[in-house]
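Engineer: Chain order of the listed sequences is A and B.
Numbering follows numbering that gives the first Met the number 0, in which position 66 of the first sequence is assigned residue number 65; successive positions increment by one, without gaps.
Numbering follows numbering that gives the first Met the number 0, in which position 217 of the second sequence is assigned residue number 216; successive positions increment by one, without gaps.
These aren't lab readings, by the way, just hints derived from the structure by calculation.
Please note that the accuracy of each hint is not assured.
As the list claims (entries may be wrong) - Pairwise CB distance ranges, derived in the manner of DEER restraints:
id: 1; chain 1: A; residue 1: A79; chain 2: B; residue 2: K320; range: 32 to 40 Å
id: 2; chain 1: B; residue 1: K320; chain 2: A; residue 2: I6; range: 36 to 44 Å
id: 3; chain 1: B; residue 1: V238; chain 2: A; residue 2: I6; range: 53 to 61 Å
Unchecked claim - Once the Cα atoms are required to be at most 30 Å apart in a straight line, the calculated DSSO-like pairs of lysine-lysine come out as:
id: 4; chain 1: A; residue 1: K20; chain 2: A; residue 2: K32
id: 5; chain 1: B; residue 1: K94; chain 2: B; residue 2: K253
id: 6; chain 1: A; residue 1: K36; chain 2: B; residue 2: K253
id: 7; chain 1: B; residue 1: K94; chain 2: A; residue 2: K20
id: 8; chain 1: B; residue 1: K387; chain 2: A; residue 2: K71
id: 9; chain 1: A; residue 1: K71; chain 2: A; residue 2: K29
id: 10; chain 1: B; residue 1: K165; chain 2: A; residue 2: K50
id: 11; chain 1: B; residue 1: K177; chain 2: B; residue 2: K74
Since the structure is predicted, the reported quantities are computational estimates derived from the model, not experimental observations.
A virtual CB, placed ideally from N, CA and C, is assigned to each residue, including glycine.
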Amino acid sequence: MSTIEKINEQIEVLVAYTKRKVVPLAFSWKNKKYSVKNVNFVHAKYEGRNKFYFYSVSTGLDYFKLIFNTEKNEWLLNEAFYGQ
Amino acid sequence: MKLFMGNERLIAHVDMDSYFATLEQQANPTLRGKPIVVSGKVGSRSVIVASSKEAKKIGIKTGMLPFEAQRIFPKVIFIEPDGAKYEFASRLIFKIFLSFTDFVEVFSIDEAFLDLSDQRIDLNLLQKIGFDLKRKIKKELGEFVTCSIGMAPNKFLAKLASDKCKPDGFFIVNEKNKDNLLINSKLTDFCGLGNGFAKRLENLGVNTVFELRKMSLLDLKKYFGSFAGQKLHNLAFGVDFSPVLSHYEKLIVKSISRTYTLSVNTYEKKIIFGVVVNLLEMALFELRQKKLAAKTVIVFFRYANFTYVYYRKTLNNIEDKVDVFVKISEKFLHNLILRNAVRLVGVYLTNLYAKNFQKNLFQQENRLADLQQAIDSVKIKYGQTAIKRAVILQSEKMREKVGGFKLADYEKEF
Chain A
0 MSTIEKINEQ IEVLVAYTKR KVVPLAFSWK NKKYSVKNVN FVHAKYEGRN KFYFYSVSTG
60 LDYFKLIFNT EKNEWLLNEA FYGQ
Chain B
0 MKLFMGNERL IAHVDMDSYF ATLEQQANPT LRGKPIVVSG KVGSRSVIVA SSKEAKKIGI
60 KTGMLPFEAQ RIFPKVIFIE PDGAKYEFAS RLIFKIFLSF TDFVEVFSID EAFLDLSDQR
120 IDLNLLQKIG FDLKRKIKKE LGEFVTCSIG MAPNKFLAKL ASDKCKPDGF FIVNEKNKDN
180 LLINSKLTDF CGLGNGFAKR LENLGVNTVF ELRKMSLLDL KKYFGSFAGQ KLHNLAFGVD
240 FSPVLSHYEK LIVKSISRTY TLSVNTYEKK IIFGVVVNLL EMALFELRQK KLAAKTVIVF
300 FRYANFTYVY YRKTLNNIED KVDVFVKISE KFLHNLILRN AVRLVGVYLT NLYAKNFQKN
360 LFQQENRLAD LQQAIDSVKI KYGQTAIKRA VILQSEKMRE KVGGFKLADY EKEF
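Model the full structure from these sequences, guided by the hints.
Structural biologist: Here's what the structure looks like:
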């Protein structure tokens, strides 16, 4: 049974700015490049005054959750789920 | 075909399908088509808060414990709840509702009533509205997210209709199908008619809607009181005059609550008290942010055997400061007899009023209010957990956001 793997590591992300939206196109993690095929869901939340954006993306069969910290301007790979 | 007669209203009830689970499947396509539940893991003490359509089909229901779900289907996938995702999605959905009408009543995080009575329309336009709603929800949230819609002359029938056509359904109630819808429903399908009422009706030999209709209004009032008796009679015939309380009218908050299930059942009053104080901090923070104050506090303890006890105090004046409620809770804890270990703690603030901001005559009171304001500013900037009372450090570490009571469970008791 596949389970969600919690990762929480900083990553590099290539994004596109389109019509007031930020769309992640690809990211690299542990020396491997991942192309984002679909952005499935985006949501945001505040912790104190800091706003975080959560991108649920697919790279083919696999799913990743990326988090953008607007205060620190950094990306985190939060979790991964490997499809069978 | 005439939908409704005369000056009847037109109410839509929109209910998201398997909401939390569907959102998780929308976010993570590898979960689609599989039985998944949103809950803590097996071995955790939380219950299942949502099951996917696939899980429901095999009998895994909301409210079950994780081990019960795994017993039914060992390969069921557990997903931890992501409250921020669900709240964010709900805000998007309610914006969509408000684009159709100002008269939107938020019934829960995943359902709402829309009063479309001011839009006199025929069947074709009704259907267009329904499909437009579904299309807009999919566009905002994703192709996997669906809802069920019931349309009827009143809230009761609209909700019954949406329940009956799940998932991804659309049911317009008219004069021809209304009785069928009612007669073929179970009494417990009726919103507001819980197991307690159903049991009492069963004791009178009433097990179906048909049998309920045969009871006279006089008898119903005799056994259930004037208000409830009339209500039961109305429901049996699909009558409901309750208005859709619009978005603006419902800004009046009636209560604020927080509950927490301890990681381990405990007899330790120090730990229990720490949790009570933590919950009070959270609830009162929300109260102050809404510019409200409370007169009544209830602190609730559920034991390991699922029995419970609660303590209630109504103050002479409205209050919003934590210290006041902490002192009251200390007395509650002193009186609490631990006949069993405590599993869950809850706090419930009610009798709420808008707070008037006149400065108090007493300097000490003003200093306390200023201190509270300073603490709130820290929490707003750095988060709820940035600053805590020392007593909380002796207790369990709780996450920043916890839920409240499901009011229907306890409202009558309180």
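Engineer: When you check the alpha-carbon spacing of K387 (chain B) and K71 (chain A), does it fall within 30 Å?
Structural biologist: With a Cα-Cα distance of about 25 Å, the restraint between K387 (chain B) and K71 (chain A) holds, given a limit of 30 Å.
Engineer: Holds or violated: are the alpha carbons of K36 (chain A) and K253 (chain B) at most 30 Å from each other?
Structural biologist: Between K36 (chain A) and K253 (chain B) the Cα gap is close to 46 Å, so the pair fails against 30 Å, i.e. violated.
Engineer: For the range 36 to 44 Å, tell me whether the beta carbons of K320 (chain B) and I6 (chain A) fit it or not.
Structural biologist: 42 Å, holds
Engineer: Would you say the C-beta atoms of V238 (chain B) and I6 (chain A) sit inside 53 to 61 Å of each other?
Structural biologist: 56 Å, holds
Engineer: Within a Cα-Cα threshold of 30 Å, do K177 (chain B) and K74 (chain B) meet the stated pairing?
Structural biologist: 41 Å, violated
Engineer: Take the C-alpha atoms of K165 (chain B) and K50 (chain A), compute the straight-line distance between them, and say whether it is at most 30 Å.
Structural biologist: The given pair, whose Cα atoms are some 36 Å apart, is violated under the 30 Å limit.
Engineer: Sort out whether K29 (chain A) lies within 30 Å of K71 (chain A), counting only the CA atoms.
Structural biologist: 21 Å, holds
Engineer: K20 (chain A) and K32 (chain A) were given as a pair; does the straight-line alpha-carbon distance stay at or below 30 Å?
Structural biologist: 23 Å, holds
Engineer: Is K94 (chain B) within 30 Å of K253 (chain B), Cα to Cα?
Structural biologist: Holds, because 23 Å separates the two Cα atoms, which is no more than 30 Å.
Engineer: Starting from K94 (chain B), check that the Cα of K20 (chain A) is at most 30 Å away, please.
Structural biologist: Between K94 (chain B) and K20 (chain A) the Cα gap is close to 19 Å, so the pair holds against 30 Å.
Engineer: 32 to 40 Å was suggested as the range; check whether the CB atoms of A79 (chain A) and K320 (chain B) agree with it.
Structural biologist: This hint is violated: roughly 45 Å between Cβ atoms.
Hint violations for this structure: numbers 1, 6, 10 and 11, all remaining hints satisfied.
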